[in-house]
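A.B. asks: Now for the letters of each chain:
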Amino acid sequence: MRAVLFWFAIALMLFAFLFPVFWVYLTSLKQPEDIFGAGLIFEPTFYNYRYLVEVRPSLNELLNSMIVSVASTIIVMAVSVPAAYSFARFNTGNGHLLFITISTRMFPGVVAAIPFFIAFRELNLLDTHFGLTMLYVYFNMSFATFLLYGFFREIPTSLENAAMLDGYNRIDVLRKVIFPLIKPGVAITTMFCLIWSWNEFLYAFLFTRRIARTASVGLSTFWGSVEIQWGPMAAFMGIAILPTLVAAWLMQRHIVRGLTFGAVKG
Amino acid sequence: MADADTLTRGPSGAGDRQSSLSRLLNKDSTSKWLLISPLLLFLAAFMLYPTLYSLYMSFTDYIMRGAPNFVGLDNYRYLLDDPVFWEALGRTLFVLVACIVIELCLGLAIALLLNRDFWGQDLIKGLCFVPLLISPLAMSLMWNYMLHIQFGVVNDMLQAIGLPAVGWFSTTGLAIWSIVFISVWQWLPFSIFVLLAGLRSLPRDQFEAAQVDGLSAWRVFFLLQLPMLAPLIIIIVLLRTMWLMRLFDPLYGTTRGGLNTELLDWMIYRTAFVDFDIGLGTAYAMFALYLTLIGCLLMYKRLMRMMKG
Chain A
-3 MRAVLFWFAI
7 ALMLFAFLFP
17 VFWVYLTSLK
27 QPEDIFGAGL
37 IFEPTFYNYR
47 YLVEVRPSLN
57 ELLNSMIVSV
67 ASTIIVMAVS
77 VPAAYSFARF
87 NTGNGHLLFI
97 TISTRMFPGV
107 VAAIPFFIAF
117 RELNLLDTHF
127 GLTMLYVYFN
137 MSFATFLLYG
147 FFREIPTSLE
157 NAAMLDGYNR
167 IDVLRKVIFP
177 LIKPGVAITT
187 MFCLIWSWNE
197 FLYAFLFTRR
207 IARTASVGLS
217 TFWGSVEIQW
227 GPMAAFMGIA
237 ILPTLVAAWL
247 MQRHIVRGLT
257 FGAVKG
Chain B
-1 MADADTLTRG
9 PSGAGDRQSS
19 LSRLLNKDST
29 SKWLLISPLL
39 LFLAAFMLYP
49 TLYSLYMSFT
59 DYIMRGAPNF
69 VGLDNYRYLL
79 DDPVFWEALG
89 RTLFVLVACI
99 VIELCLGLAI
109 ALLLNRDFWG
119 QDLIKGLCFV
129 PLLISPLAMS
139 LMWNYMLHIQ
149 FGVVNDMLQA
159 IGLPAVGWFS
169 TTGLAIWSIV
179 FISVWQWLPF
189 SIFVLLAGLR
199 SLPRDQFEAA
209 QVDGLSAWRV
219 FFLLQLPMLA
229 PLIIIIVLLR
239 TMWLMRLFDP
249 LYGTTRGGLN
259 TELLDWMIYR
269 TAFVDFDIGL
279 GTAYAMFALY
289 LTLIGCLLMY
299 KRLMRMMKG
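Top line first, the protein sequences correspond to chains A and B. Residue numbering for the first sequence follows my numbering, beginning at -3 and increasing consecutively. Residue numbering for the second sequence follows my numbering, beginning at -1 and increasing consecutively.
Any given hint could be a false lead.
Heads up, simulated SDA-like pairs for lysine to any residue below, C-alpha to C-alpha not over 25 Å straight-line [said to hold, decoys possible]:
#  : chain 1 : residue 1 : chain 2 : residue 2
1  : A       : Lys261    : A       : Ala243
2  : B       : Lys25     : B       : Leu38
3  : B       : Lys25     : A       : Gly89
4  : A       : Lys172    : A       : Ile70
5  : A       : Lys261    : B       : Lys25
6  : A       : Lys179    : A       : Gln225
7  : A       : Lys172    : B       : Ser199
8  : B       : Lys123    : B       : Lys25
9  : A       : Lys261    : B       : Thr239
10 : B       : Lys123    : A       : Ala158
11 : B       : Lys123    : A       : Leu238
12 : A       : Lys179    : B       : Gly124
13 : A       : Lys261    : A       : Gln27
14 : B       : Lys123    : A       : Leu55
15 : B       : Lys123    : A       : Val182
16 : A       : Lys179    : A       : Asn165
17 : B       : Lys123    : A       : Ala(-1)
18 : A       : Lys261    : A       : Val173
19 : B       : Lys299    : A       : His92
20 : B       : Lys299    : A       : Thr100
21 : B       : Lys123    : A       : Pro239
22 : B       : Lys123    : A       : Thr186
23 : A       : Lys179    : A       : Arg46
24 : B       : Lys123    : A       : Arg171
25 : B       : Lys299    : B       : Met240
26 : A       : Lys179    : A       : Ala158
27 : B       : Lys25     : B       : Pro36
28 : B       : Lys299    : A       : Phe86
29 : A       : Lys261    : B       : Leu32
30 : B       : Lys299    : B       : Leu222
31 : B       : Lys25     : A       : Leu155
32 : A       : Lys261    : A       : Ala158
33 : A       : Lys261    : B       : Asp26
34 : A       : Lys172    : B       : Lys299
35 : A       : Lys261    : A       : Asn165
36 : B       : Lys25     : A       : Ile6
37 : A       : Lys261    : B       : Ser199
38 : B       : Lys25     : A       : Leu238
No lab work stands behind these hints, which were simulated from the structure alone. This structure is a prediction, so every number in the text was calculated from the model and none was measured.
Isolated chain A (complex conformation) (with noise of 0.2 Å):
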């Protein structure tokens, strides 16, 4: 009796869980005239998905979505790791620097977009790849710096105060010592940032229009002014989820301690 109760509760919350999901692709599979109450039972087509290619082409929203995410997750790493080593091997700033870094993640995303905004206007960055990725930057650094101190301070520092007196110099300690241990570490950040970066909508819809727009901003357009595309959205969506849905499955074990930048070990 209790096995069964606990059977049904676990396949309640797997059902809550993912029906959203499966949701979106079976409508993505629907003809427009089911999309407003066939339930399960239609014929599936891929209208929706032909759609995105010969109607509204959105191939580009994709490769957009996919450059600034990239592009601003290798800024990141490149700012982050070096100060994220540098805080948990020095202490460097005694945690108040460490605070500060922490705090911009508090910012409402809104209460930095007016300025930037402003700025980018003069400084024609508006709808630019390039403006987009150092916002993206701007939005992941304190949180990869924050994250990968966390796995920084896992290296005990006698393993290099030994290569040291080894007679290595500080950039082979970093390459032959740190970086193979901290590799786990770096991955899992680059995963966050670049999901976060794909995901990202705020400052997407604010700083785009045409050029660079996201697949974020993309699917919001699916929302017209007189109706809701709801078939070529579900498909859009479908597309824009897969890579994350891979990510959330390859990278389950490490989610937690993301989230929490590293205080909690799930």
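Given the structure of chain A, go ahead and fit chain B onto it with the hints provided.
C.D. replies: This is chain B only, laid out in the frame that chain A set:
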């Protein structure tokens, strides 16, 4: 740090061949600042600038064209008397409290449920992570579709078990709860797995001893286990506060601020980017910023104290 410095200068005469950059890196006192300088540059550009600029703008009447005129505290005076602002703030706090309370209660219940070994546990837990990483905008739009009053699948299900259809996004009092629901759906796994990690790390023998001593499982949980989870609960509250203060996507995907669901972030967006009232918008924004920072700082301090204790 001093002894580390002498250590690094010691080795095998390799110093002669080193470039100046490498020499700088070898000294702890210089390398720590050298390594952190790119971050500091970015922080200055991306944190100092917007904060100071917003502060300045909040004392002006800038409307995206012409020159900003200094108006002193007018925007703040207006804000204090503005019922729309206080309503949005109240709603934001309501959503904050509702989401966090529901997530903690449900999360704890499910974490206790999952805190055992069962068949297929890795697969089942892995699937539960899905909502956390999916695009919040995509899922808000999907929930908007699924909760539609006429053709939404949720109402179909309700009617199938004999309940009436509900106007999730067409009833004024209910719309805000629908937003809470979407946010909880997305972030519940976070609470579950943080609390589960906490439960797993608790020492087991102590609780077994307590149970042998005649304490019921419920008493053991409330008297022994729950207090030990307190730091984790604070982490959840702290992080969720940070994220919920910037709740925007679920509003954009559903009500777009209508039906009494306008939250603080949406209101700032509307003031600054729809009405182009930068002065007032930045005044709202600064207010929201300080509120979040103070709230988070208090919790952060508390957390640090508990971690030490």
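A.B. asks: Against each hint, give a clear statement of whether it holds in the structure.
C.D. replies: Going down the list of hints, with the structure as the test:
1. Lys261(A) / Ala243(A): Cα-Cα ~18 Å, so holds.
2. Lys25(B) / Leu38(B): The hint holds at about 20 Å.
3. Lys25(B) / Gly89(A): The hint holds at about 17 Å.
4. Lys172(A) / Ile70(A): holds, 21 Å
5. Lys261(A) / Lys25(B): violated, 33 Å
6. Lys179(A) / Gln225(A): violated, 43 Å
7. Lys172(A) / Ser199(B): Violated, because 33 Å separates the two Cα atoms, which is more than 25 Å.
8. Lys123(B) / Lys25(B): violated, 46 Å
9. Lys261(A) / Thr239(B): Holds, because 21 Å separates the two Cα atoms, which is no more than 25 Å.
10. Lys123(B) / Ala158(A): Distance ~41 Å between Lys123(B) and Ala158(A) Cα, so the pair is violated.
11. Lys123(B) / Leu238(A): OK: Lys123(B) and Leu238(A) at ~19 Å, within 25 Å.
12. Lys179(A) / Gly124(B): holds, 23 Å
13. Lys261(A) / Gln27(A): violated, 45 Å
14. Lys123(B) / Leu55(A): violated, 33 Å
15. Lys123(B) / Val182(A): It holds: about 24 Å lies between the C-alpha atoms, which stays within 25 Å.
16. Lys179(A) / Asn165(A): holds, 20 Å
17. Lys123(B) / Ala(-1)(A): holds, 18 Å
18. Lys261(A) / Val173(A): Roughly 23 Å separates the two Cα atoms, so the pair holds.
19. Lys299(B) / His92(A): The given pair, whose Cα atoms are some 12 Å apart, holds under the 25 Å limit.
20. Lys299(B) / Thr100(A): Holds, at roughly 17 Å.
21. Lys123(B) / Pro239(A): Holds, at roughly 19 Å.
22. Lys123(B) / Thr186(A): holds, 23 Å
23. Lys179(A) / Arg46(A): With Cα atoms ~41 Å apart, Lys179(A) and Arg46(A) exceed 25 Å; violated.
24. Lys123(B) / Arg171(A): Given that 25 Å is the threshold and the Cα spacing comes to 36 Å, the pair is violated.
25. Lys299(B) / Met240(B): Measuring from Cα to Cα gives roughly 15 Å; hence the hint holds.
26. Lys179(A) / Ala158(A): Roughly 20 Å between the alpha carbons, so the hint for Lys179(A) and Ala158(A) holds.
27. Lys25(B) / Pro36(B): holds, 18 Å
28. Lys299(B) / Phe86(A): Measuring from Cα to Cα gives roughly 22 Å; hence the hint holds.
29. Lys261(A) / Leu32(B): violated, 30 Å
30. Lys299(B) / Leu222(B): holds, 24 Å
31. Lys25(B) / Leu155(A): Holds. Lys25(B) to Leu155(A) sits at ~17 Å (cutoff 25 Å).
32. Lys261(A) / Ala158(A): Given that 25 Å is the threshold and the Cα spacing comes to 28 Å, the pair is violated.
33. Lys261(A) / Asp26(B): violated, 30 Å
34. Lys172(A) / Lys299(B): violated, 37 Å
35. Lys261(A) / Asn165(A): Violated - the C-alpha atoms of Asn165(A) and Lys261(A) are around 33 Å apart, more than 25 Å.
36. Lys25(B) / Ile6(A): Outside the cut-off at roughly 56 Å; violated.
37. Lys261(A) / Ser199(B): Holds. Lys261(A) to Ser199(B) sits at ~10 Å (cutoff 25 Å).
38. Lys25(B) / Leu238(A): This hinted pair is violated, its Cα atoms lying about 47 Å apart.
In summary, the structure is inconsistent with hints 5, 6, 7, 8, 10, 13, 14, 23, 24, 29, 32, 33, 34, 35, 36, 38 from the numbered list given earlier, while agreeing with the others.
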